[in-house]
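Participant: Residue strings, one per chain:
Number of protein chains: 2
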Amino acid sequence: MKISELSARTGVTVPTIKYYLREGLLPEGERTSPTQASYGEAHERRLRVIRALLDSGVSIAETRRVVAALDDPPANPNELLGTAHAAVTPAVEEPLDLSAAEALAVGLGWKPGMCAEDVLHAVARALQTLERAGFAVPDGVMPVYLESIRKIADAEIAGVPQESIEAAVEYVVLGSVLVEPLLLALRRVAQQVASGERFGGA
Amino acid sequence: MKISELSARTGVTVPTIKYYLREGLLPEGERTSPTQASYGEAHERRLRVIRALLDSGVSIAETRRVVAALDDPPANPNELLGTAHAAVTPAVEEPLDLSAAEALAVGLGWKPGMCAEDVLHAVARALQTLERAGFAVPDGVMPVYLESIRKIADAEIAGVPQESIEAAVEYVVLGSVLVEPLLLALRRVAQQVASGERFGGA
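Those protein sequence lines, which keep their order, are chains E and Y.
The first sequence begins at 1 in the working numbering and counts up one residue at a time.
The second sequence begins at 1 in the working numbering and counts up one residue at a time.
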């Protein structure tokens, strides 16, 4: 199809598509003349993925890394998650003490070497932010976080499609990033429901 | 204390503190001369809260609304969450069909009128993003999300401090926002642990 049809089918304007081509997010189409190229279903699908990532607040640079992971998946399914997470996890700027993060991770079943250091760093950074704000998670709440989150991760990993590596890559990469806003929004709904049940009234 | 001491105690530079004063995030100190003002412990505490919110990616405008909620708490504890969530939830720009979001919310114990519309809108937007990307949460996974998130919210609401309305406000406002990065980071650790246990290797 022509770029104009790709635009019509995805709702992404032609100038934006050209921008994604220049940024290397979307692969070039097949040249049909010096000024025209032809695009296929793979382009349409990729364009939807790019839009979803950018709409979720993922940066252009991170989107480029996610797209690279989709194009060149690791052979071992277990490396997939590391690749997907690395694409969207900020680089470690100031190394933090990881001991508190590791102590928490033990509650998730973590053992040394079981996960990428940048992901543990994200936990350490989050704990540091809470501490700086003088906010303490109440004693009884943290175990519930760990237990519930481990259950969520178990279900998600059990759901990784087995039929092809492409399907697995797409599930893992998109699922780890795009599902985050859904989980946070559901948490707010659940908090309001639980608060209403406990404190009553409007 | 002088502004220089406030700066030394919090690690926030004097120009940044002056910026927060101009933006109305931090209340004015008590004038001690035409060019000097005195700041107290409440300013120090508030400054830490502002830093934590901004560090977590909350915008200046949202931080101003959060701070306003801390200064003028609603009388009913159940309104607290709505105020806190409204401060950090983007305004509804294009109204979406809420039926899919409401159907999910039922799984959290939601009934009509139990939570603010903007929070349901955030669920609808997240579902729309997933749909546009062509990503479907596997059948068995969504019920685990709902059950686990309801458990998390129950523990959080049970942890709301009862000793004073100020303590409750601070817990609810900061807890609903600042804990988000921690939960997302823990999820990534748990995913890598679960993946390692399931697929082994690397």
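One thing to keep in mind: the hints can contain errors.
Copies of the same chain are indistinguishable here, so a pair counts whether it falls within one copy or spans any two.
Quick list of in silico lysine to aspartate or glutamate cross-link-like pairs, EDC-like style, CA-CA up to 20 Å [unchecked claim]:
1. K2 x D72
2. K151 x E180
3. K18 x D55
4. K2 x E180
5. K151 x E62
6. K18 x E131
7. K151 x E197
Calculated from the structure, these hints are not laboratory results.
Please read these numbers as outputs of a predicted model, since none were measured by experiment.
Participant: If a hint holds in the structure, say so; if it doesn't, say that too.
Facilitator: Going through the hints against the structure:
{"no.": "1", "hint": "K2 x D72", "in the structure": "neither (26 Å within a copy, 57 Å between copies)"}
{"no.": "2", "hint": "K151 x E180", "in the structure": "both (16 Å within a copy, 18 Å between copies)"}
{"no.": "3", "hint": "K18 x D55", "in the structure": "within (18 Å within a copy, 34 Å between copies)"}
{"no.": "4", "hint": "K2 x E180", "in the structure": "neither (34 Å within a copy, 43 Å between copies)"}
{"no.": "5", "hint": "K151 x E62", "in the structure": "neither (28 Å within a copy, 32 Å between copies)"}
{"no.": "6", "hint": "K18 x E131", "in the structure": "neither (45 Å within a copy, 24 Å between copies)"}
{"no.": "7", "hint": "K151 x E197", "in the structure": "between (25 Å within a copy, 14 Å between copies)"}
Consistency note: the structure conflicts with the earlier hints numbered 1, 4, 5, 6.
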